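Build out the structure end to end from the sequences listed, making use of the hints.
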Amino acid sequence: MTAATLRRYAPFAVGSLQSLLRYRSMFLINALTATTAVGVQVALWRAVYAGGGLPGGYDLPRLTTYVLLAQVLALFQSNRVDEEVAGEVQRGDIAVSLLRPVSYPLARFAAGLPVSLTNATLVAVPVVVLYALSLPLSAPSPEGVLLFGCSAVLSLVIGFGVNLLVGLAGFVTTNIWGVRVVKDSVVAFFAGQVVPLALMPGPLAAVARALPFQGMVDGPLRLLLGRYHGPLGAAAILGVQLAWAAALSGLAALAWRGAVRRVEVLGG
Amino acid sequence: MIVAENLVKEFKVLERRPGLLGSLGTLFSREYRVVRAVAGVSFELPAGVKAAYIGANGAGKSTTIKMLTGIMRPTSGRCLVNGLEPYRERRRTAAGIGVVFGQRSQLWWDLPVPDSFRILRRIHEIPDPVYRRNMARYRQLLDLDALGSTPVRQLSLGQRMRAEVAASLLHDPAVVFLDEPTVGLDLVLKEAVRELVNQVNAELGTTVLLTSHDIGDITAICDQVLVVNHGEVVHQGTMHELLRTADTRAVVFEYRDGPTPEQAVALVEDRLDGASAGRIDGGRIKVEYPARRWSVRQVMGFLLEHFDLTDCVAPEPDLETVLRRIYARRAGTREVPV
Chain A
-4 MTAATLRRYA
6 PFAVGSLQSL
16 LRYRSMFLIN
26 ALTATTAVGV
36 QVALWRAVYA
46 GGGLPGGYDL
56 PRLTTYVLLA
66 QVLALFQSNR
76 VDEEVAGEVQ
86 RGDIAVSLLR
96 PVSYPLARFA
106 AGLPVSLTNA
116 TLVAVPVVVL
126 YALSLPLSAP
136 SPEGVLLFGC
146 SAVLSLVIGF
156 GVNLLVGLAG
166 FVTTNIWGVR
176 VVKDSVVAFF
186 AGQVVPLALM
196 PGPLAAVARA
206 LPFQGMVDGP
216 LRLLLGRYHG
226 PLGAAAILGV
236 QLAWAAALSG
246 LAALAWRGAV
256 RRVEVLGG
Chain B
63 MIVAENLVKE
73 FKVLERRPGL
83 LGSLGTLFSR
93 EYRVVRAVAG
103 VSFELPAGVK
113 AAYIGANGAG
123 KSTTIKMLTG
133 IMRPTSGRCL
143 VNGLEPYRER
153 RRTAAGIGVV
163 FGQRSQLWWD
173 LPVPDSFRIL
183 RRIHEIPDPV
193 YRRNMARYRQ
203 LLDLDALGST
213 PVRQLSLGQR
223 MRAEVAASLL
233 HDPAVVFLDE
243 PTVGLDLVLK
253 EAVRELVNQV
263 NAELGTTVLL
273 TSHDIGDITA
283 ICDQVLVVNH
293 GEVVHQGTMH
303 ELLRTADTRA
313 VVFEYRDGPT
323 PEQAVALVED
333 RLDGASAGRI
343 DGGRIKVEYP
353 ARRWSVRQVM
363 GFLLEHFDLT
373 DCVAPEPDLE
383 TVLRRIYARR
393 AGTREVPV
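Chains as they are written, first to last, in my numbering: chain A, -4 to 263; chain B, 63 to 400.
Source of the hints: derived by calculation from the structure; they are not laboratory data.
In this text the structure is predicted, and so the values were computed from the model without any measurement.
Backbone N, C-alpha and C define an ideal beta-carbon position, used for all residues, glycine too.
Just so you know, nobody snuck in bad clues.
Selected chain B positions facing chain A (in silico; Cβ < 10 Å): (1) I133; (2) M134; (3) R153; (4) A157; (5) F163; (6) Q165; (7) S178; (8) L182; (9) R184.
Covered stretches of chain A, as calculated for chain B (at least 3 residues, CB under 8 Å): (10) -1 to 5; (11) 13 to 25; (12) 89 to 95.
And the structure:
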């Protein structure tokens, strides 16, 4: 990305950040939701572990870490792109967006970034600190953290691609709310946000591995927790993520081109 | 510069059958009807003109503007704006045009107006001197500072429209499309917006294409008029030429002594075949006569001969009447409101 492109799309990020900071209560609610979700899941897993055993090779501190950071990644990927795009399509404001001399998907990506980053800092950091102080967690290795960082960036692109595609569904159906509810649960499940892929029954795990969503939570956390075989194993996880990020971006670009041709049906 | 060549836009509209059974039916079989919103529009506007695009509701104005701005793709035909085909080169076209859609906002909903302007400045990469010059102009004419730090979503329609017009001109576009730019504005602000558009046109040679239901906007801004009806251009020319197509003219006069007003009216109607006369305020009499039957000279001569005139004016035919006649002529007998 050249400096000129950056200059042109940065204003969308700034504008989005400025708008976002006006809604303080949203962050508070996100923090409460995330805290509760982690609390419930940890309590559940503690009950499972109380019966003994080491499911999928995860001990309790590792699984707690997984559950906690899965929530952080989910926050990181909640960029609101799906609802923003679908909303614009439904209100017809998409017409105005088409009058700006920029690429709409890129502008949307730029506007989604601050949402991800503020969620990650303002919401995720306090939640992680809270649980780190109150529960035994497993400390990751330095290379784990580094790999996790790269992987998290790729997961951001995957999350963006998925949300943009869902948002563009607004051109086809007016019931985008239903599509989003389904998307949220499908993504959460197959990403491994609820249960790590390693703990899923064989066939289900196979399906999850074949989908792009595992690159959003399970992939990054396997890297963080060292659950891969050697450098090649780590590279494979990142490679698959990269491939999905590219594929989804391409798909979103295609969908966008198709969608622009449909603008006519919205009239107004 | 704007060129339209045989521009056609057709929509497929889902045919809904009436009643519950009909609604159930549409679940299983769908029939589409093709609606021709724009039926072969052709025109050419040289750079720097201020043209009004006039038509009754549903005449295809908005659809044409959407094709000219690159939002919609024509079914057939083509158009050029600044030498570009807008729907093929949307982003390059967008850099050189400004648009106000009365009902839609190009501002950032949650931000104060100045913040939106700062963002637009960077998106369009507006050079500093241009930005400063334009902002000074808007401050002076539109009193933009009065909008303060209120987020756009809390502004009144009038406050927002001021900012919308300014935003559309911020990057010195070569062509600006104004769709109902004075909706919700009071008289003073309407005047200010018209003044702004005229000033920008005079100084920068900005081409203006305006659609409005406000005849005042059209007469205050436009020197060219395109009248569309049923998706076709039915008149293109200067405002003056359009007004001259009026088939009735009027004269208003005042006189002293002589016949009573009733007698005067009767005399006029009796001697000027096809004319109608009536008393209007202040004891004056208005004569409307068919332009084809009588020349101005004949009518004036008649009045001079029979009355001791103290005042006499021949008002320009008003646009509303002319338009109503054009629409009505095309639609058969039905009179369409402007």
